[in-house]
Amino acid sequence: MDSQFLINTSLYVLFLPLLGFVVTLLLGKKVRSIYLFENLVLILTFIASVFILYNKLANFPDSKIVSEVQWFSLANTPIFGDISVKLGIMIDNITAMMLFVVALISMLVHLYSIAYMKGDERYNRYFAYLGIFTFSMNGIVLTHNILMMYIFWELVGLSSYLLIGFWFEKKSAADACKKAFIVNRVGDIGMFAGILILFFTYRTFSFDEIFNSISSGILPFNSTFWLSVTGVLLFCGAIGKSAQFPLHVWLPDAMEGPTPVSALIHAATMVAAGVYLVIRIFGLLTADAMLFIAVIGMISSFIPATIALTQNDIKKVLAYSTISQLGYMIMALGVGAYQFAFFHLVTHAFFKAALFLGSGSVIHAMHHEQDIRYMGGLRKKMPLTYWTFVISSLAIAGIPLTSGFLSKDGILASSLAFANLTGHWLFPITGFLVALLTAFYMFRLIIITFHGEPKDHHKFEHAHESPFVMVMPLVVLATLSIFVWYTPNPFNADQGWVLSKWIEKPLLHTPVDTRFDFMKPDSEGTSEIKEHIIYSSSYTDAMHHAHYPAMFISLFVALSGILLAFIFYHWKKVNVDTLTEKIKPLYTFSLNKWYFDELYDKTFVNGTILLSKALGWFDLKVIDGIVNSAAAVTKSLAFFIGNFDRIVIDGLVNLTAYLSGFFGLLFRRIQTGKVQTYIVLVIFSIVILLFIFR
Amino acid sequence: MVSVGLTHFLVISTLLFSMGLYAIITRKNAVMVLMGVELILNSANINFIAFSRFGNFGYSGQLIALFVIVLAAAEAAIALAIVLNIYKNLSTVNVDEVDNLKD
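Line by line, the protein sequences give chains A and B.
At position 262 of the first sequence (counting the first as 1) the number is 262 in this note's numbering, and the numbers step up by one without a gap.
In short: position in the second sequence from 1, add 1000, done, that's this note's numbering.
Check each hint, because a few of them may be wrong.
Footprint (simulated), chain A over chain B, 3 or more residues, beta carbon under 8 Å [what the hints assert, rightly or not]:
hint, segment
1, 1016–1025
2, 1086–1098
Keeping only pairs whose Cα atoms sit at most 25 Å apart, straight-line, the calculated DSS-like set for lysine-lysine is [to be verified]:
hint, chain 1, residue 1, chain 2, residue 2
3, B, K1028, B, K1088
4, A, K635, A, K621
5, A, K602, A, K613
6, A, K118, A, K171
7, B, K1088, A, K674
8, A, K674, B, K1102
9, B, K1028, A, K674
10, B, K1028, B, K1102
11, A, K380, A, K501
Derived by calculation from the structure, the hints in this document are not laboratory data.
Virtual Cβ for every residue (Gly too), placed ideally from N, Cα, C.
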């Protein structure tokens, strides 16, 4: 088993979904059952990704497999000199795990969609779009340079756009896909600027080469400030794609797409691409950039959690919880908890996909009713959906024995340790508060949807458990939300194989004086590789101390959140309606999503419209005025020249012609054609000449 | 008895020339026009001979007169041929009607 074989397999993983996309799209209208081919392709992709995961972890656990080919090279360009751009694939443990997550969830969503989308008029096209999404997502995961990542980044944006607007007959869906696309562009501009700075400085796109150059002391514009700026700019891409504050507004609207799409793209994989990007560029983040990232993550975890408390659309609640959990991951990266961030990405992908597919199962059973106020009592009708939903909710709430507890606890402990070392106590406080809110709104959702009495009896009577292909993915994903897959000890993941063996510790390449204190190497002059591995012993100590407090606090807030949900909605000890009446302003503030959409409508949308109106006025009055006056000047000039031509030039020409004609007529009289006349004239002339030349 | 001098010859010659010119200009018939031409030629001949007789030019005048007679014969032949051709083509010898040159 050599590494080249792994590279070849990864090419299969990358290009099989593309093949599925092309075939399904081209034959979709002719062959009704072509979607089976797309499903088969995804099963093969999944098998190949399992193969890669197994071989990478078993045979090359510590090495990074890189393979690159020349794409194009330019000689003697201005400014840059010789450029050579390479395409390449890099497989490390994180790549292998992410590939597995993407392929697994994509396969399960494909199978699930067979039943969920049955009867849709664009059935095959739907599967084709899923295929191109899987292709581009795998591209993001596998690439070894940031240029290719940017290309695939835009491709997932495109497939997200296509799938959100899949039911484009609905105006809300058409608007939502436009909104998602445009909001993502805003973030991508920052990312593009970051890429340009990197290329301008290092003449390469490859992550490894950039990191090596930073390690050898080359900085953008020779200043650590610009290194921080570059990190923040690249992070802007993640703000857009991972729906972080202030660009989070597109994700809830993206729920207009089919529910399996929300599970795959807008919960498990594509929105995690932002986190994946930050993981990839972690080596060049300075302390300032990391603090910025942590603050953005903290805000993005808190605001959506408060909004999710009051939403009544089952998918909207899950969408806000997704933003909140992504905020957790981003905050974890900001406070240096690189391993826990990726761990949470993986566990969140599984349980959030399970939640979304579960909500899809409910929506399917309720004949596309999404409002939880019309649900209730579904527990007995749909036991499998109910239990998988409960397990996933326990995982997201962070209850022991679930995967979510392990990763979330790790993040909270890291933020606590970070606060202990740097004094930023807001991060752990917000973290625990969000954990409380998460547990509360998830169980509010479960109780209103599955417990109690049915509100809409007609729909309740027709509700039924979903078919096998829809339930099977739920069971698989819920099973993956149990701790046993990650660690033998359900209370501490540190000794588990995922954290201790699979997820490598990150390498930092930034200059030592730009890092957080706890990320500086302990003693100077140690070996080269130790220089880059972050976390000093003080951090290890802090983490050790933070472990038990974090675990107990998070367990306490999660349980109290669940308890509050039961008190409010199950036992109805507190009348929720009178409570909302008492805190009416807060309630409406949350229900209206903190008025972000209205704010952006007033400022950016209206601003853009005003700007375009001003530009339109400028075009209409100034530009058109210049053009029109130029036209008028030309016209009058042309009129003048035309008249000059007509009167003077034509007059001269006509006069010549007229004179010629006149003289012609005159002399014509003389030309009688009679010889005798001519003779008379000759003689007459001779007589005259004789008189003259006498 | 008045002796015949140069002047008498010149007068005769001038009268003959004038009659020839008159014939050329006024006659309708092409043959008459040709006759006018002959008259003019002969008036020139009289001039040549008169000057040859009364001037000191030797016999050159008489020689030229001989040439002119020969030339007149040839000219008459050619001119009559032209007139015949005109008659063949236009069925007339009236010079007034022969005005194709105008077109």
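Hints, verified against the model:
1. Coverage of the segment 1016–1025 of chain B by chain A holds in this model, with 3 residues showing a Cβ closer than 8 Å to a Cβ of that chain against a need of three.
2. Note: the segment 1086–1098 of chain B has 3 residues with beta-carbon separation from chain A under 8 Å; the three-residue rule is met and the coverage holds.
3. With a CA separation close to 17 Å, the supplied pair K1028/B and K1088/B stays within the 25 Å bound.
4. Only pairs whose Cα atoms come within 25 Å are accepted, and K635/A paired with K621/A is accepted, the gap being roughly 20 Å.
5. Under the criterion of a C-alpha separation no larger than 25 Å, the hint pairing K602/A with K613/A is consistent with the structure, at around 15 Å.
6. For the hint linking K118/A to K171/A, the alpha-carbon distance of about 22 Å falls within 25 Å, and the restraint holds.
7. A threshold of 25 Å between alpha carbons decides the hint, and for K1088/B with K674/A the separation of about 19 Å falls inside it, so the pair holds.
8. Distance restraint check for K674/A and K1102/B: the Cα-Cα separation of roughly 8 Å lies within the 25 Å cut-off, and the hinted pair is therefore satisfied.
9. Straight-line distance between C-alpha atoms of K1028/B and K674/A comes to about 11 Å, which keeps the hinted pair within the 25 Å bound.
10. Between K1028/B and K1102/B the CA atoms are separated by roughly 18 Å; this keeps the pair inside 25 Å, and the hint holds.
11. This hinted pair does not check out: K380/A and K501/A have alpha carbons roughly 42 Å apart, beyond 25 Å.
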